[in-house]
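Asker: Take a look at the letters that make up each chain.
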Amino acid sequence: DAGVTQSPTHLIKTRGQQVTLRCSPKSGHDTVSWYQQALGQGPQFIFQYYEEEERQRGNFPDRFSGHQFPNYSSELNVNALLLGDSALYLCASSFRSGVQPQHFGDGTRLSIL
Amino acid sequence: GEDVEQSLFLSVREGDSSVINCTYTDSSSTYLYWYKQEPGAGLQLLTYIFSNMDMKQDQRLTVLLNKKDKHLSLRIADTQTGDSAIYFCAESSNTGKLIFGQGTTLQVKP
Chain A
1 DAGVTQSPTH
11 LIKTRGQQVT
21 LRCSPKSGHD
31 TVSWYQQALG
41 QGPQFIFQYY
51 EEEERQRGNF
61 PDRFSGHQFP
71 NYSSELNVNA
81 LLLGDSALYL
91 CASSFRSGVQ
101 PQHFGDGTRL
111 SIL
Chain B
1 GEDVEQSLFL
11 SVREGDSSVI
21 NCTYTDSSST
31 YLYWYKQEPG
41 AGLQLLTYIF
51 SNMDMKQDQR
61 LTVLLNKKDK
71 HLSLRIADTQ
81 TGDSAIYFCA
91 ESSNTGKLIF
101 GQGTTLQVKP
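Those sequence lines, one after another, are chains A and B.
Mapped onto my numbering, the consecutive letters of the first sequence carry residue numbers 1 to 113.
Mapped onto my numbering, the consecutive letters of the second sequence carry residue numbers 1 to 110.
If you're looking for bench data, these hints aren't it; they were derived computationally from the structure.
On a predicted model such as this, the values are computed, not experimentally measured, just so you know.
Where hints are given, some of them may not hold.
As the list claims (entries may be wrong) - Residues from chain A that face chain B, not an exhaustive set, calculated with beta carbons under 10 Å:
no. : residue
1   : Gln41
2   : Ser86
3   : Leu88
What the hints assert, rightly or not - As a list, the in silico SDA-like pairs of lysine to any residue whose alpha-carbon atoms are at most 25 Å apart:
no. : chain 1 : residue 1 : chain 2 : residue 2
4   : B       : Lys36     : A       : Phe47
5   : B       : Lys70     : B       : Gln57
6   : A       : Lys26     : B       : Gly40
7   : B       : Lys36     : A       : Phe95
8   : A       : Lys13     : A       : Pro61
C-beta: ideal position from N, C-alpha, C; glycine also.
With the hints as extra help, turn the sequences into a complete structure.
Answerer: Below is the structure:
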């Protein structure tokens, strides 16, 4: 039974570029949440997708956008990258929005030069 | 507002018990979680407790919840070197958004 999978594992971009990160949820899960973890910090909630709609959003600018597909997989897009966007981006999946615990993938390490 | 606080560092000897503490502010929290993060990895769900419970035990792990003081603790019995990691406390309401603390680095000395 595959857990949450994320791709790519590492990515290097330059300022001003755009990036797309991908996530496949754990089997049986229908909700995907994205978190940003800066070095030495706890993860910060970006947004949550359920039934292909953004249900909740954290305190992130609209340069951060996402999508959920009918098979429950999800993408995180970040436009106009800044140096401060360098972080580990974590995807978490769960069943029925907030009712069940969230299981995390291993993340995508994004470095901005 | 929502806030979760943890002490930053704990060092124990192998075989001792470890106790990691956490305080939170949101009284509407539904679930409280403990996650483990090893270097270069994502978060591993260790255990969680529903807000109407006082205690939960799962093998070497014991979670204690004092809802009045908004205090959560994780006790690891017979701590092993493989338990060395960063431990995150997190709270959520029934909307599912997780609020994390800064993490406690657990160092286990042989």
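Asker: All hints, please: hold or fail.
Answerer: Tested hints:
At its closest, the beta carbon of glutamine 41 (chain A) sits 6 Å from a beta carbon of chain B; the interface hint therefore holds under the 10 Å criterion. At a threshold of 10 Å, the smallest CB-CB gap from serine 86 (chain A) to chain B is about 16 Å, leaving the interface hint violated. Checking leucine 88 (chain A) against chain B: minimum C-beta separation of about 8 Å stays under 10 Å; hint holds. For the proposed pair lysine 36 (chain B) and phenylalanine 47 (chain A), the alpha carbon gap of about 22 Å is at most 25 Å, so the pair holds.
Straight-line distance between C-alpha atoms of lysine 70 (chain B) and glutamine 57 (chain B) comes to about 19 Å, which keeps the hinted pair within the 25 Å bound. Restraint check for lysine 26 (chain A) and glycine 40 (chain B): the C-alpha separation of about 20 Å stays at or below 25 Å, so the hint holds. Between lysine 36 (chain B) and phenylalanine 95 (chain A) the alpha-carbon distance is near 21 Å, which keeps this suggested pair within the 25 Å criterion. Using a Cα cut-off of 25 Å, the hinted pair lysine 13 (chain A) and proline 61 (chain A) holds, with the two alpha carbons roughly 19 Å apart.
Hint 2 from the earlier list is the only one contradicted by this structure; the remaining hints agree with it.
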